[in-house]
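Undergrad: Take a look at the letters that make up each chain.
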Amino acid sequence: MRIAGRGPGVRPVSFSFDGRRYEGREGDTLASALLANDVALVGRSFKYHRPRGVMTAGPEEPNALVTIGRGAAATPNTRATVQEVFDGLEAFSQNRWPSLDWDLLALNDLAAPFLGAGFYYKTFMGPRGWWERVYEPLIRRAAGLGALSGRPAPERSEKAFAFCDLLVIGAGPAGLTAALVAGRSGADVILADEDFRMGGRLLAKGAEPGPEWAAGILAELESLPNVRLMPRTTVTGAYDQGTFGALERVSLHLADPNGLPRECFWRIVAKRAVLAAGALERPVAFRNNDRPGVMMASAVRAYLHRWGVVPGKRVAVFGNNDGAHVLASELVAAGVNVVGLIDSRHDVVPSGDFRVWTGTQVCNAHGRKRLEAITLRTPVGTERLAVDCLAVSGGWNPSLHLTCHLGGRPEWQRDIAAFVPTPGAVPGLRAAGACNGAFTLGACLSEGRAAAEEALGALGMTPKAVDLPEAPEAQYNITPLWSVPGKGRAWLDFQNDVTVKDVAQAAQENFRSVEHMKRYTTQGMAPDQGKNSNVNALAVLADATGQTIPGTGTTTFRPPYSPVSIAAMGAGAEGKGFAPERFTTSHRAAVGMGAPMIEAGLWYRPSYFPLRSETHWRQSCDREVQMVREAVGICDVSTLGKIDIQGPDAAALLDLVYANRFSTLKEGRVRYGLMLREDGFVMDDGTTARLGPEHFVMTTTTAAAGPVMRHLEFVHQVLRPELDVSMISVTEQWAQFAVAGPKSRELLNGLLDAPVDNDSFPFMACGDVSVMGVAARLFRISFSGEHAYEIAVPARFGEALFRELVARAEGLGGGAYGMEALNVLRIEKGHITHAEIHGRTTAGDIGMGRMIAAKDCIGRVAASRPGLTDPDREQMVGLRPVGDVKQLTAGAHLFDAGAAPLRENAQGYVTSACFSPTLGETRALAFLKRGRARHGEHIRMVDHLRGIDALCEVTDPVAFDPEGGRLRG
Amino acid sequence: MRFSALKVLKEGLTGNKGWTPHWRDPEPKPEYDIVIIGGGGHGLATAFYLAKEHGLTNVAVLEKGYLGGGNVGRNTTIVRANYFLPGNSEFYSHSLKLWEGMEDELNYNVMHSQRGLINLFHSDGQRDAFARRGNAMINQGDDAVLLDREGVRKHLPYLDFDNGRFPIYGGLYHPRGGTARHDAVAWGYARGASDRGVDLIQNCEVTGIDIEGGKVRGVQTSRGAIRAKKVGIVVAGRSGQVAAMAGMRLPIESHVLQAFVTEGLKPVIDHVISFGMGHFYISQSDKGGLVFGGDLDFYASYAARGNLPMVEHVMEAGMTLMPMIGRARVLRSWGGIMDMTADGSPIIDKTGVDGLYIDCGWCYGGFKAVPGSGFSFAHLIAQDRHHAPAAGFRLDRFRTGHGLLDEEGTGSQHNLH
Amino acid sequence: MAELIASRPAAGLVPVRIADLSLTEESFGALTSLSPRRGAEGALGAALQQAHGLGWPAPNRSTQTDGARLIWFGHAHALLIGPEPAQGLREHAALTDQSDAWVALRLAGDGAEDVLARLVPVDTRASQFETGHTARSLLGHAHVSLTRTGDDAFLILGFRSMAKTLVHELELAMNSVAARKGG
Amino acid sequence: MRIPCPICGTRDRREFTYVGAALPRPSDEEWGAGWDDYLHNRENPAGETRDLWQHEAGCGAWLVVTRNTVSHAVLGAELARGATA
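Chains as they are written, first to last, in our numbering: chain E, 1 to 969; chain U, 1 to 417; chain F, 1 to 183; chain S, 1 to 85.
Read the hints as simulated data drawn from the structure, not as lab findings.
One should not assume that every hint holds.
Below, simulated PhoX-like cross-link-like pairs (lysine-lysine); rule was C-alpha separation at most 25 Å, straight line [what the hints assert, rightly or not]: (1) K47/E x K266/U; (2) K122/E x K52/U; (3) K487/E x K47/E; (4) K369/E x K266/U; (5) K122/E x K10/U.
Between beta-carbon pairs, the in silico distance windows are [claimed, not checked]: (6) T10/S x A5/U: 55 to 61 Å; (7) E84/F x G9/S: 29 to 35 Å; (8) R932/E x A86/F: 52 to 58 Å; (9) P21/U x V332/E: 48 to 54 Å; (10) V134/E x G182/F: 53 to 59 Å; (11) R930/E x P21/U: 57 to 63 Å; (12) A126/F x G592/E: 40 to 46 Å; (13) W97/E x F161/U: 27 to 33 Å; (14) Q128/F x S14/E: 44 to 50 Å.
If you're wondering where the values come from, they're calculated on a predicted model, not measured in any experiment.
For each residue, glycine too, the CB sits at the ideal point set by N, CA and C.
Hey, can you work out the whole structure from these sequences and the hints?
TA: Put into structure tokens, the structure is as follows:
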């Protein structure tokens, strides 16, 4: 309930939990608002479905996980202790059926003796198939916490980069001080804090320096232009060279986000960092310590001071350190009924206006859905105490998580019975305050100042003086207590339902390494990532194995510090945002012609150009092929890579990167080039034109444009820096179109300002031309096997030229053709694409072995390895069907006629296949063992997947116009 | 001790007091017939099959840290047999058959779940390449089904079919593909090997390999010298360092591969899905976490952790493929060190030293290979000749160019596989 | 004879105006890539100075006159923006016409830096990235050239074919920045 | 991870493309151990290494980066021009 006159804000806020309406206040978290409304039961545990209540007041909360929102906007597993309430907030409990109050799977709790550590490794082993059909579905349905809606959420998140001199992580006393020192000294500072209000533990203090002091510092920091405050921002991970990941909750607290993204995932690059993340209080394991109403003492304190909420009418405090006494005093001062303080230490001098049991432990908690009483084991016997809230403090664990992210291993510090960070574990980062094991306010303040001063020194800046407030000298004085011995189950990992018994059993089964124990029991694998339990579990394991804690191991953490949504880290990639889209200049025209556009790498290219009368792609494709063979076709080939290569040594570079020679290429001529990787296999192919004595333009395949550019730069910069040559991509500069077919020259001559003929422009010629007044380049090259050209104009004219070319082609009985027809045309001609040069083919495999000239070139030596020149290799052939089955399919495998289609009989495979309208039958390209010597042989093609079994004749790969007469016409 | 439902029941009723250690913790003996360096999945499986298949039990497994602490405990748990190059097909096919009998063989529930794996394709060219793969799988006797877009939709209705950057043309469905509980595989083999008399020695780092006259004599360790007639190296992630103790240099570069798991969620993804355009693969564990990963970080590394660019790339792939997972939160990320070979396929072979054998280079496909690798490596060590399904994993294939196993077709650059 | 109509890379995509931010397409004359011949950096600089009044830019810097700008464009290149290059430059450099290869966007207004911070992994704040500074980097997943042309203005050169993606990503970021400013 | 490009200054790893160990290309005209080592076999040190990267999304320069493969410390970067010869 809320104490009158205390707590945040005044504006009432209306929200619902499991459909019931409640009122909270602005500044409440869902947890504080529910506690203010006396709601104790908020969730169910993972395995045993035990009733659970709010346990903490921060993101480490293991119990109060709820689903926020409904439908596609539902967000599961949200910590009620972090979620701010707003008008209309809808929250739902999880992992229960049919309701939170009556959960059927709570039956699991009764079966607990059979469901202990690792039980599933020992059973459910048969009969075969039962795992997938019976056991696994049952287990899966019972497991899990919240549910995804299965639909994409409508709202967007974003990502951003930030840079600073000093990143301060955490805005408690140490962080505020560090930021102030650095800020006043002129450093470029980012102060990030996971809470929506900065101040950290100061906000949960009943005395100054506390909230007011924090407010004063924050006001000054806000006034400094060189300081950026990032509230609601959790630094989630430390990465190399001062890069940090951070998640900002931008609009999760707003009823109307008004255009704001939900979350922002920041990549912060900091020259130095101060970790001031504070510490987390740890529980004590005792029987039924998971009952709703058993809470962390620090949480009770935070709810009291920050939210004016007391989570019970009869409160007891149980601790092993002096902090418990401070809380008890503050509760009494606030008028709360403190039933008493149970201190496990013997040598404690009681002080304050409440009863104190020393040398006493809480050994059981009673009540199911709400705490009703506790049993104490005093030095003289047991005692039952009626309470509805128990505040527990087992001591503190420094929040050193980020110092582990680069592999740092925390060290055990005996006097505070806790792990502390290893200095230097993250280069440039220093821990200060409670996260460094400094548990008094005075030490936090001075460590914060010292850390900032050290960072400033490293940055070459002079620290300005900052006076620190007087902090009362509080003592910590802890005597470790990890678990209270006794019967029953005592929880370590609340979320995953790992108990002290489970850890002991793991040790008994020889899972004695801490890593084994964690993996066997699932300890620390739940959403709180062991924040509440890892150290306790380690201590219990140490006890079970008779070792010391540091001798047992250490606890280490991996990113993220607290869970981060996939939507935030993957922001912007939804839909088309995953990779840039590249559009050719003819895109709009092609779409206007009804062409379906397909992806070619990042590009979009037209598949085919349907006429109104055509209902199947094959009709369009066949027509387009015929058009090219009989009249003229137009195809945008701008997506092929184009690289401008200039310089006195341009030819020398080309001789090196191509298997064949280019230094002998004459000006005004084009040559086909085959490029090898250094390991001797084919990398890419294309044509290269010599535009001038020292000027070439190379084309690459669409897919290899990037890799080839990188390769050329590698060869030049790394292998042959002495060559005087320059390279730049001109792919984007030129729109280039194939004009292919017997009427291609007729078409072009209608456009060119000076006509061309076979003498001025023979096959494989190139040169500058003028098209409709625009300077252009013309290449007489052919992928289709027809008399063909490619004409290139500056991209601004691409769309206009495409439309003009298509219009004129149509006038000549031709038109535009797409990727389908392009593919058929090249298969008919036996031309290769990356379906054939798939990275495992040699020049010899594709019949180009003799192109490797007698000169140094990339890949020449490795291509001479015996395995690459073996005559038994699969060689490219053509196939035509000769049996009843006329269909050939890419991806089918080849066998001797009559051989069973088994792996050991495989002779090769089909790479490309199509129906050739020119030849009136299906044609394919394939790789076949010793294929070149097997032309005319009949072989079996089997495509199990598509149910095709065809008898084929092996042919030359060139099925159409093998003499190439049409090229030269 | 034999595990069964009855045993669990009986122990439950008697306070779970009767459970005994999964494996013994013996002191190392001064000499063994065979020493296996490396107590990861492959090493433990090797020891198990040495004992079970070859009756060789005077065997020690030497592990620098804790059993199963390497990549077997930090992967995305996918089990499949969908390779297409001869040399790979028969090996992974054999390995999958061992998976299918593993629970009987080990009397341990490794939760091998044949929930089906779907490799998506996004163009006609990719479909043809997957058809070649699927047909090769069937040639081998394994299972594959070519799904069209609607076929994929029936299995995976939650993918973004309408607006994704790379439209879904279909998928190659491998019904026998699936997942397993990774740690349990290591523990099951450890228990099986230990029960058969193999000594599993933890916290025992090998610091040298003793070779005399071209023959292996034993190893030096942090717990003293151990003599051995035969030594097997199975130390993924450290292969280069251990091989160097025998004067070898390997065609391997070590790379870090990151993986991710979300908080527990109710069942939502029932298959293993692989999205090649985004180098993204995902499944949901029995506990409810979405387990997923992507590509290497791409730089040579021995740090079992990565950096943000690849983290973000993986999340972005998830968002374009199945935006419904956006609200799931990543709970933990981790990295494993991969032996990346120069053709993307592994090595199980003899070395230039008599009695010294090596099993390495699993790139990032080592988990599914655990039983097959253990079986074949045990065969090689025991009989000094290759086990037929693994006969293609020769060390000299790079030098000769014969039998290169480059499934990706990316050539000799180690990190591109 | 009909004429070939020129089209602009960002036609139909810009202008985009959101709160104080604007994204527009720049209209320049020629864009020419200059890559010095081996050892000719000095001579090229002198020739540039003489012909166009522009000095050869240091890495990550640009130089400019009234009608021309020369942007450092990579380890071996600079981009001459505006005038047709003087023929004499060919003696010292490989010249390549890039006038149609790039979409040139101007991002301007209060918060332009914040827009870029959502997309570019380089610190573009004025304290680090002054007027005239330039960088080759990424915008989202696309390769770009980025130059600060004024207190609140940047020139972004991206691949022509990616104009739609670039504008789309910038627009999303502009919306987000405007929302944060309460616009 | 951030890499100090000698031309552009320190930049995010996402602008760079890694290729592999920085090794000199053999001059042998025949296939042999030199080529096998160049293409396949690696020292693969757990510690300091020199590898090749291109500042592909930046200035385009090829770099030899000296790094530690265990700590990920980046110790320096130089232009590859001749650095592997």
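Undergrad: Now, for every hint given, state plainly whether the structure supports it.
TA: Now for the hints, and whether the structure bears them out:
no.: 1; hint: K47/E x K266/U; in the structure: holds (13 Å)
no.: 2; hint: K122/E x K52/U; in the structure: holds (21 Å)
no.: 3; hint: K487/E x K47/E; in the structure: holds (20 Å)
no.: 4; hint: K369/E x K266/U; in the structure: holds (24 Å)
no.: 5; hint: K122/E x K10/U; in the structure: holds (12 Å)
no.: 6; hint: T10/S x A5/U: 55 to 61 Å; in the structure: holds (60 Å)
no.: 7; hint: E84/F x G9/S: 29 to 35 Å; in the structure: holds (33 Å)
no.: 8; hint: R932/E x A86/F: 52 to 58 Å; in the structure: holds (56 Å)
no.: 9; hint: P21/U x V332/E: 48 to 54 Å; in the structure: holds (51 Å)
no.: 10; hint: V134/E x G182/F: 53 to 59 Å; in the structure: holds (57 Å)
no.: 11; hint: R930/E x P21/U: 57 to 63 Å; in the structure: holds (59 Å)
no.: 12; hint: A126/F x G592/E: 40 to 46 Å; in the structure: holds (45 Å)
no.: 13; hint: W97/E x F161/U: 27 to 33 Å; in the structure: holds (31 Å)
no.: 14; hint: Q128/F x S14/E: 44 to 50 Å; in the structure: holds (47 Å)
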